[in-house]
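Taking the hints into account, I'd like the entire structure generated from these sequences.
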Amino acid sequence: MLKVEMLSTGDEVLHGQIVDTNAAWLADFFFHQGLPLSRRNTVGDNLDDLVTILRERSQHADVLIVNGGLGPTSDDLSAFAAATAKGEGLVLQKRWNAISTNVDE
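Going by the working numbering, 25 is the number at position 19 of the sequence shown; the sequence numbering is gapless.
Derived by calculation from the structure, the hints in this document are not laboratory data. Where a beta carbon is used, it is the ideal one built from N, C-alpha and C, also for glycine. Each hint should be verified, as a subset may be incorrect.
[What the hints assert, rightly or not] Label-pair ranges, simulated between beta-carbon atoms:
no., residue 1, residue 2, range
1, LEU98, ASP68, 25 to 31 Å
2, ASP34, SER64, 19 to 25 Å
3, PHE37, HIS66, 17 to 23 Å
4, ASN52, LEU96, 15 to 21 Å
5, PRO42, VAL97, 33 to 39 Å
6, ARG45, HIS21, 19 to 25 Å
7, LYS9, LYS100, 34 to 40 Å
8, MET7, VAL97, 29 to 35 Å
Dropping the structure here:
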């Protein structure tokens, strides 16, 4: 069986300022698909902490779901942290600008 883990990110989640309903919904969804989570972690908006846990958990999990930190604000570090953990750079896809502009409207 696949070992599936989830990482929720964001200071607001870590400090209890918001309830992580996304993680609860996703955990239930995967459970009903026959893929129960083996672990859930929460990390704040700290690049070093994110890189560390991404490297650590990717050594143990077959699938690591990152929940949060993927938006357009400056504290959303998940994509950069994942690239850093893998030793890769990020590449901006030009098509994304058109997609994100349409979503914002």
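Quiz item: Would you say the C-beta atoms of LEU98 and ASP68 sit inside 25 to 31 Å of each other?
Solution: Taking Cβ atoms as reference, LEU98 and ASP68 lie about 29 Å apart, which means the hint holds.
Practice problem: Evaluate the given range 19 to 25 Å for the C-beta pair formed by ASP34 and SER64. | Solution: holds (24 Å)
Quiz prompt | Cβ separation of ARG45 and HIS21, checked against the hinted range 19 to 25 Å | solution = Roughly 21 Å apart at Cβ, these two residues keep to the hinted range, so it holds.
Quiz item: Is 33 to 39 Å right for how far apart the beta carbons of PRO42 and VAL97 are?
Solution: Hint holds: Cβ distance 34 Å, inside 33 to 39 Å.
Quiz item: Are ASN52 and LEU96 spaced within 15 to 21 Å by their CB atoms?
Solution: Holds, since ASN52 and LEU96 (Cβ atoms, about 18 Å apart) stay within the stated range.
Quiz item: So does LYS9 sit 34 to 40 Å from LYS100, Cβ to Cβ?
Solution: The hinted range 34 to 40 Å holds for LYS9 and LYS100, with Cβ atoms some 36 Å apart.
Quiz item: Is the hinted range of 17 to 23 Å satisfied by the C-beta distance from PHE37 to HIS66?
Solution: Once the Cβ atoms are compared, 19 Å apart, the range 17 to 23 Å for HIS66 and PHE37 holds.
Quiz prompt | MET7 paired with VAL97, Cβ distance criterion 29 to 35 Å | solution = Since MET7 and VAL97 have Cβ atoms about 34 Å apart, the given range 29 to 35 Å holds.
This entry satisfies every hint, going by the numbered hints stated previously.
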